[in-house]
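2 protein chains.
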Amino acid sequence: MSSQAEIVLKPIGVVKTAAIDDEVKDKTRTSQIIINSELAEALEGIAGFSHLLVLFWLHEISDEQRKTWKVHPRGRRDLPLLGVFATRTMLRPNPLGLTMVELVKAEGNVLTVRGLDAFDGTPVIDIKPFDSWDTAKDARVPTWWTKLESEKAQS
Amino acid sequence: MSSQAEIVLKPIGVVKTAAIDDEVKDKTRTSQIIINSELAEALEGIAGFSHLLVLFWLHEISDEQRKTWKVHPRGRRDLPLLGVFATRTMLRPNPLGLTMVELVKAEGNVLTVRGLDAFDGTPVIDIKPFDSWDTAKDARVPTWWTKLESEKAQS
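Protein chains in written order, with our numbering: chain A, 196 to 350; chain B, 196 to 350.
Please note that the accuracy of each hint is not assured.
Each pair may be met inside one copy or between any two copies, as identical chains are not told apart.
[Said to hold, decoys possible] The list that follows gives simulated cross-link-like pairs (lysine-lysine, DSS-like), each with its CA atoms no further than 27 Å apart: (1) K300 <-> K265; (2) K300 <-> K342; (3) K262 <-> K205; (4) K265 <-> K347; (5) K211 <-> K265; (6) K347 <-> K332; (7) K220 <-> K265; (8) K222 <-> K300; (9) K222 <-> K342; (10) K220 <-> K342; (11) K342 <-> K265; (12) K300 <-> K262; (13) K262 <-> K220; (14) K211 <-> K222; (15) K222 <-> K332; (16) K220 <-> K332; (17) K211 <-> K300; (18) K220 <-> K300; (19) K332 <-> K342.
These are computed hints drawn from the structure, not numbers from a lab.
These figures come from a predicted structure and were not determined experimentally.
Bound-form chain A, shown alone (with noise of 0.2 Å):
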């Protein structure tokens, strides 16, 4: 297969969140993700771990703005503007979000977690454990990330 060739994914399931706007943000949150029915056996075994990494499809983004290269982080002029991987950036050529969320409840096909910043409605395209291999220690970021985070801290 050339690298170039397209790549088709079908969506798992769907988030259900009552959270509109920025309250998506909050970590203390919690949301519903309802696994396809036909999946719900490929769930078996999860409760397990307190942990899991969900990828979802960011399906408000156009196909314009996944032309996007630079971008100031949160739209911010103040700082600089960088290349889309170098952030957490929605616009991206393959608008994919990743999250860390907390396991509370596996139940059927229905996953409660906390943390998962994504609307309602957004398809979800795959949910992996979470393990201590997916960290680095001392991990080094930029200076305005830094600045950013501490600013999220304060608010």
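Based on the hints, put chain B in the right spot on chain A.
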């Protein structure tokens, strides 16, 4: 958009490595990610991060293999039969790999990274900077997982 609609991705680059077979699991090895040249500027600022999350397409998984709902982890029949979403198996409805890597060097459209367990020629889908909010302290994992991890550490 219906949550069942198809999603089309295009590779942003490709993995280049001399590692073959199980050598790709060697976390001390470096490999390269060759980003499509027209996307080179989307990497600007990436060198500010020590670690990245790399999403790649497991292009050798067949359409038939994507219909696997349950597996024994690493094919081991002494371990429980589990849903694919409770494991990191490549056999998933949407066969995407996700690995945290160390960024060794960023030069032009080429990233040199350490710890990427992807074969030569693997299409890369997205690259995201890694930060501490991608981690959980004291994440709980099941017994079968700990068993496999401790065996790996001894090998």
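Hint check results:
Proximity of K300 and K265 under a CA criterion of 27 Å is satisfied inter-copy only: 20 Å between copies versus 39 Å inside one chain copy. Within a single copy, K300 and K342 get their C-alpha atoms only as close as 34 Å, which misses the 27 Å cut-off; across copies the closest is 24 Å, which meets it. Proximity of K262 and K205 under a CA criterion of 27 Å is satisfied in both settings, with 22 Å inside one chain copy and 12 Å between copies. Taking the closest pair of Cα atoms, K265 and K347 come within 27 Å of each other only inside a single copy of the chain (22 Å); across copies the shortest separation is 41 Å, beyond that limit.
Only between protomers do K211 and K265 lie at most 27 Å apart by alpha-carbon distance; the minimum there is 25 Å, versus 31 Å within a single protomer. With identical chains, the CA atoms of K347 and K332 are at most 27 Å apart both within one copy (22 Å) and between copies (20 Å). For the identical chains of this complex, K220 and K265 are intra-copy neighbours only, at 23 Å inside a copy versus 33 Å across copies, given an alpha-carbon limit of 27 Å. Proximity of K222 and K300 under a CA criterion of 27 Å is satisfied intra-copy only: 16 Å inside one chain copy versus 33 Å between copies.
Only within a single protomer do K222 and K342 lie at most 27 Å apart by alpha-carbon distance; the minimum there is 19 Å, versus 31 Å between protomers. Taking the shortest alpha-carbon separations for K220 and K342, only the intra-copy value of 18 Å comes in at or below 27 Å, while the best inter-copy value is 35 Å. Within a single copy, K342 and K265 get their C-alpha atoms as close as 19 Å, which meets the 27 Å cut-off; across copies the closest is 44 Å, which misses it. Taking identical chains as interchangeable, the C-alpha atoms of K300 and K262 lie at most 27 Å apart only when they sit on different chains, with a minimum of 25 Å there against 38 Å within one chain.
Only within a single protomer do K262 and K220 lie at most 27 Å apart by alpha-carbon distance; the minimum there is 25 Å, versus 33 Å between protomers. Only within a single protomer do K211 and K222 lie at most 27 Å apart by alpha-carbon distance; the minimum there is 15 Å, versus 37 Å between protomers. In this assembly of identical chains, the alpha carbons of K222 and K332 lie at most 27 Å apart whether taken from the same copy (22 Å) or from different copies (15 Å). Taking the shortest alpha-carbon separations for K220 and K332, both the intra-copy value of 24 Å and the inter-copy value of 20 Å come in at or below 27 Å.
In this homomeric assembly, K211 and K300 come within 27 Å of each other (Cα to Cα) only inside a single copy, at 14 Å, whereas the closest approach across copies is 40 Å. Taking the shortest Cα distances, K220 and K300 sit within 27 Å of each other inside one copy (20 Å), while across copies they are farther apart (32 Å). Taking the closest pair of Cα atoms, K332 and K342 come within 27 Å of each other both inside a single copy (20 Å) and across two copies (23 Å).
Checked against the numbered hints above, the structure breaks none of them.
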